[in-house]
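Sequences are here, hints too, so could you generate the full structure?
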Amino acid sequence: MRDTSYDIIIVGSGVGGGTVADYLSRAGSGLRIAIIESGPFRKKEHFNQREIDMTALYYNRGAVLSENMEIGVAAANTVGGSSAVYTGVSFRPPESVLNRWRREFGMEFLTAEYVNRSLDEIEEDLNVHELPEREDNENNRLFRKGADALGIPVKRLKINTKGCLKQGFCNLGCTSGAKQGTLEVQIPRVLKRGVTLIYNAVVRTVEENAVNLVVRKAPENTIPNEIEEGGHRLYARYIILAAGTLNTPAILLRSAKKLHVSNPNTGRYLTLHPAFNINGIYTKTITNYRGFPKTWYIDAFSDSDGFYLETSFYFPGVTAKNNPGYGSMHRDIMRCYSKMMSILILIHDEAEYGNRIATDRRGNTVIDYTVSDSVRKSMIRALQESTKILFAAGCEKALIPGSDKTPVLPEDVPDIHLHIAEQYLNLTRTPLSSAHPQGGARMGTTPKHAVTDISGKVFGTQSIYVSDASLFPGSVKVNPYETVMLLAKWVAENVLEACLH
Amino acid sequence: MSFSKAFKRNTLLVAGVIVPDLRDNEALSEAFWENFVKLLSGLPPESVGKLQLLIKVVSLLSWIYNLKPFTALNARVRQMYIDRLFSLPVSKIAGGLTGLRSLIFISFYGIPTVWESINYEGPIVNRTGS
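So the sequences go chain by chain: A and B. The numbers in the working numbering rise by one with no breaks, and the one at position 277 of the first sequence is 1037. The numbers in the working numbering rise by one with no breaks, and the one at position 88 of the second sequence is 469.
Honestly, the hints are just simulated from the structure, not real lab data. All figures in this text were calculated on a predicted structure; none of them were measured in a lab. Here a beta-carbon is modelled for each residue, glycine too, at the ideal position from N, C-alpha and C. Mixed in with the good hints, there may be bad ones.
As the list claims (entries may be wrong) - Here are the simulated DSS-like cross-link-like pairs (lysine-lysine), alpha carbons at most 25 Å apart as the crow flies:
#1 Lys419/B <-> Lys977/A
#2 Lys419/B <-> Lys431/B
#3 Lys952/A <-> Lys804/A
#4 Lys419/B <-> Lys803/A
#5 Lys437/B <-> Lys473/B
#6 Lys473/B <-> Lys804/A
To be verified - Example chain A residues on the side facing chain B (calculated, C-beta under 8 Å, incomplete):
#7 Arg810
#8 Leu825
#9 Pro1076
#10 Arg1189
Stated by the list, open to error - Derived Cβ-Cβ restraints for the label pairs, each shown as a range:
#11 Ile505/B <-> Arg894/A: 14 to 24 Å
#12 Leu925/A <-> Thr494/B: 25 to 35 Å
#13 Asn406/B <-> Asn1186/A: 27 to 37 Å
#14 Pro913/A <-> Leu434/B: 42 to 52 Å
#15 Tyr995/A <-> Thr452/B: 23 to 33 Å
This is the structure we're talking about:
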């Protein structure tokens, strides 16, 4: 490489990395910045809306399984990170979560004034807005109808699109570039400012002021590498790890000896926001794979039972996976694909020391996560309530994991607690999924309880910062990208301050 | 990426239990296999190795549970055998089969000729695969 020395190297080009690069490269900073991304560089022209091809956007084709195989984590491995495959659902962190982070973890910078000012600016930049109800597809209309019939209050989701064509393929990459994720907003912006982007580049370890990486061959139909394949060592005054919860803690663990840092909290306090996506079969064709997938949510059960419900809809392969069983019964279910109504269940999980990102003997990421009893209880409650919503919306069958029968029928509702119960929940046969891994390099005031200090700098290091969801000291309980951006802005301000002094 | 004939044959037999339409349909099986190999080519080598081991275990356990090779089981017995494996308390086998089930579904429902049977109109953009 011609220039292997930078002021700042950012590891990861997703929401955390893209945002921190954006703030650090703004006019006048004059900083030489490089972003290193482990995935290939694909733009909207490379997305083809086919599951069989586009699962390549994810690590492990969309499911990195926990060691006990009870949960599969979907995390993107492409320039833009998970913003390339999220739906663009935009939540501010709940006030109760911020209160706890301020009170218990010393994150006092998260004042209402700082949070609101920062997120006002971010939301304006990303065109965060509510879709007009007249544009809802049937899945969203039915969700509202079902909730209304049961007297459950629904709320409108905010999304970050601009000129959305409502094709319905957000999770396979947006072919029109309407989704205002990092791939469309921050990455093009920072490249124009002269930031270097190195892709297909896996960071194995970091040291003070140095990053060790391997550039791999670019996969077919992606943008070719601009630097030679093989091992590289790059230098920088500051290194910001923004490789996501599956990777940032793993890089720190692999680098522990080189950094002379041994913090037992590294990788710990992992939360996964466990999810089930369940389907009901409506009485007629409703074609929910078209249109914007998500416009409504329910938070009425958040405090009492620990879950959110959101609208959602997926493609045939993922839908088949989410439906129970296999064989001829499953085939008959899938023949009703175009009649399916779908609900996404998101469970709040507590940050526990035993749940962690670890590394195997080759240094690869291992997810060591046990679904707690309280998550299982919340899951059953959520499955019961979701089933009621499906039937109140007019579905004639419901396909529910954790039930004693497939399908569940409307006449089962009075005894729903008997049919959907913990004893029927077998997570080995019906694994949970996760798209919101958080924690593993939590922020706090002391290395006794945290991995980074309040500025985002890794305890015991001089030049290593973290800027992604692994900073979260506990689950943010909502779709996390706005919170990641908020913390990335804060970390950028601290790194900038350090650069100036 | 290439696999042994035994791995392909045994995987297709398991896939035929998960998706009955694959049984005795050579054209569909070949389209399925093409997609399945494409999926595996995107997995880390360790995951592919575990999957190959799982298929080997399924094949070997057939001698214990059925006193016959897996390839010699008729469709009904093969289904009962796979049902039994899914219910084993050994999480590595049941969990591995569940992971394999997901790959089978994504491979099968990734075949454009299958979409009509589920009233799925497919992608809107007309581009070739990556």
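What are the numbers of the hints the structure violates, in ascending order?
Violated: hints 6, 15.
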